[in-house]
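*Asks:* Here's the letter readout for the chains.
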Amino acid sequence: MTTDLRDLYQELIVDHSKRPRNFRRLEGANHRAVGYNPLCGDRVTLYLKLDGDVIKDIAFEGSGCAISTASASILTETLRGKTRAQAEALFHGFRELVTGNTDGPAEVDLGKLVAFSGVSEFPARVKCATLSWHTLVSALNDDRKEVSTE
Amino acid sequence: MSATEKTTRIGQAAIEPFDVRRVREDFPILSQTVHGKPLVYLDNAATSQKPKIVIDALQHFYSADNSNIHRGVHLLSERATRAYEEARVKVQRFIHARESKEIIFVRGTTEAINLVAQCYGGTHVSPGDEILITAMEHHSNIVPWQILCEQKGAVLRVAPINDDGELLLDEFERLLGRRTKVVAIAHISNALGSINPIKQIVEMAHSRNVPVLVDGAQAVPHAVVDVQDLGCDFYAFSGHKLYGPTGIGVLYGKGPRLEAMPPYQGGGDMISSVTFEKTTYNVLPHKFEAGTPNVAGTIGLGLAIDYVNGIGLEAAAAYEDELLSNATAQVSQIPGVRLIGTAKEKAAVLSFVVDGVHPHDVGTILDLEGIAVRTGHHCAQPLMDRFDVPATTRASFAFYNTKQEIDALVAGIHRVKEVFA
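If you're matching them up, the sequences are chains Z and F in order. Everything in the first sequence is counted per this note's numbering, starting at -16 for the first residue and increasing by one. Everything in the second sequence is counted per this note's numbering, starting at 4 for the first residue and increasing by one.
Hints may be right or wrong, so weigh each one.
Said to hold, decoys possible - Chain F side only, calculated, beta carbon under 10 Å to chain Z, not exhaustive:
(1) GLY271
(2) VAL311
(3) GLY359
(4) VAL360
(5) HIS361
(6) ASP364
(7) ALA414
(8) HIS417
(9) LYS420
(10) VAL422
(11) PHE423
Source of the hints: derived by calculation from the structure; they are not laboratory data. Remember, it's a predicted structure, so these values are computed and weren't measured experimentally. Even glycine gets a Cβ: it sits at the ideal position worked out from N, Cα and C.
Input sequences plus hints: build the corresponding full structure.
*Replies:* See below:
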C-alpha cells in the first residue's frame, strides 16, 4: 500500500510549520503551561488570557517538528474566542481524528484541524500532533507544571 | 577503516569485487517493500538485519536441541551445552582474546558496562575519585558511571571533542589525573561514526595504571578487533548489531581483572557450592553468568560470527568505506544539508541535519520513500547539545547496502527539501 506524503504534510500544515501564527510571548497572560516531548526534544510554551471561561487571547513559543509546530499554530487560531468547554470538546474531537479511535460521529466542527487527519496513519507522530493540546489542558488547569508526552 | 592485519595476496591479479547482490540474498528481510517502495534499510547502527543462517539456527535450537545447559546428564543438555560453549570460543577467536574464559555472555553492551561499573567500579572507586569518559558517549556509557559516582561520591569527567567530532587527545590526557580510576570510551561513536584511537588511549591510561573499558557496540560489525593488540582491560559489544539475535552480548575482560571482581548477580550456575552459611563462587566465566542464559541467542551469535568470517570482515569494511565515501560526497553537496560528525577516521555512519526541517519530518518523509533511518538524539543527548542541535537524521550502513540505496537516500533528501521548499 502506498501512503501519500501529502496525506500527512498537507499544504496547510507545511505553511503553518514554516510561518507559525501567534508565535510570541503573550503579555498579560494569566495562564501558561510548558509541554515537552523527551523523545524528540519538542518543547512548546502556551500562553492564555482567560476572561472568565472565554479564551480572549492565546499564543505560543517553542521549537519542534512540522507537525507539532503546525498543530500549536492552528490550535491558537482555532481557540481564540472559544470557551473552556468548547476547547475541551475540540481536543476530544482532535484526539479522535489523529488517533483514528472514534466512538461515534464527531460532535464538533473541527474546521482547519481536519488537516491533521493523515496523522492517524503515522502512530509515531500522534504525540507530535497532540503535544500542544495536552499543554492546553495543563494551561487551562493552570498546573504551572511541565507536561510531558511520556 | 584500517584493519589491524592486512591480508596480502601475492601473485593474485586482482582482489574480487565485493558481491553485494549475493550477500543480500542471505538476508530474507531485505527483499520487501514498505509504503510500496523497496526497503532501503539504513538503520544498521540501531540494529542490523539477520542472515538466514542465524534465523535458522534459532529455529533449529528450539526444534531440535532445546534444553538447559551445564547441568543435565541427558543428550539434549549435552548438545545445548556444547553449542553454547562453542559460541564462546568463536567469540574469543573473533576478538582475539587470550582465553575463552575471558568471554562473559551478557544481554548486551549496556549490561556489560553496568557489570563493570558495579563489580569493578564498586570495589575500586572511593569518594573524590574520578571516572573519565568522552563527550561522544552513548547514554549506556554515561549513566552506569553516573550511578556509580552517585553511590561512591566520585566525579564524572568528560573529555571534549572538536567540531568534527574527534576526541581532543591532549585534553583527554590532561584529564587523566591522579584520581582517575576508570577510563570508559567508545571505539566508534554511534551518533557520529568517529573512530577513537583506542590503542593510544590505552597506552596513556595504562602509563598511569588506569584500566580502560571500550564500548565496542559500533566497532565489531565494521572492524577487525584484537583486544590483546588494543590492550584494553574490558571490551563490550552486542550481538544484534553484529547480525546476531537481540538479547545477547559480550563482555571481554582480562582474566586477572575478572578474577579479582565480585560476582554481578547471584543465582544458579555462578556458584560452585551453596550452604546457608557460605557460598563459594564458580570460576570464570560462570561466576558472571547467573541464571539460565540466553542459550539460543548465544548459539545464534556464534553463527553470526561464522557468517561474518565467511564474508570476511576486512572486505566488508572496505566495501562499507566505499559506501560511506559515496554517501558523504553526495549528501554534503546538497545545499542546506549539514553533516554532523566529519572526523577523518570514520566508519559507517552519516549523521546530518537539513536546514529548517526537523529530523522527525525528514525521517517520516524518507520512510514514505521506503528508507529506514534513525532520527532523534541517538541516546547521546549531551553530544546533541555539543553540536547545538535537538536531533539529527542518521543513515548507517552495513555490507548489504548498495550504491543504489545511497542514491535513493539522496533522492529522498531532495524530496524532503521539495516538501518544505
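*Asks:* Hints first: check each against the structure and report whether it holds.
*Replies:* Status of each hint after checking the structure:
1. GLY271: Violated. Min distance 36 Å.
2. VAL311: This interface hint is violated because 32 Å lies over the 10 Å limit.
3. GLY359: holds (7 Å)
4. VAL360: holds (7 Å)
5. HIS361: holds (4 Å)
6. ASP364: holds (5 Å)
7. ALA414: Hint on ALA414(F): violated, closest Cβ of chain Z at ~13 Å, above 10 Å.
8. HIS417: Status violated, d = 13 Å.
9. LYS420: violated (12 Å)
10. VAL422: holds (5 Å)
11. PHE423: Constraint on PHE423(F) satisfied, holds at 6 Å.
Of the numbered hints given earlier, the model fails hints 1, 2, 7, 8, 9; all others are met.
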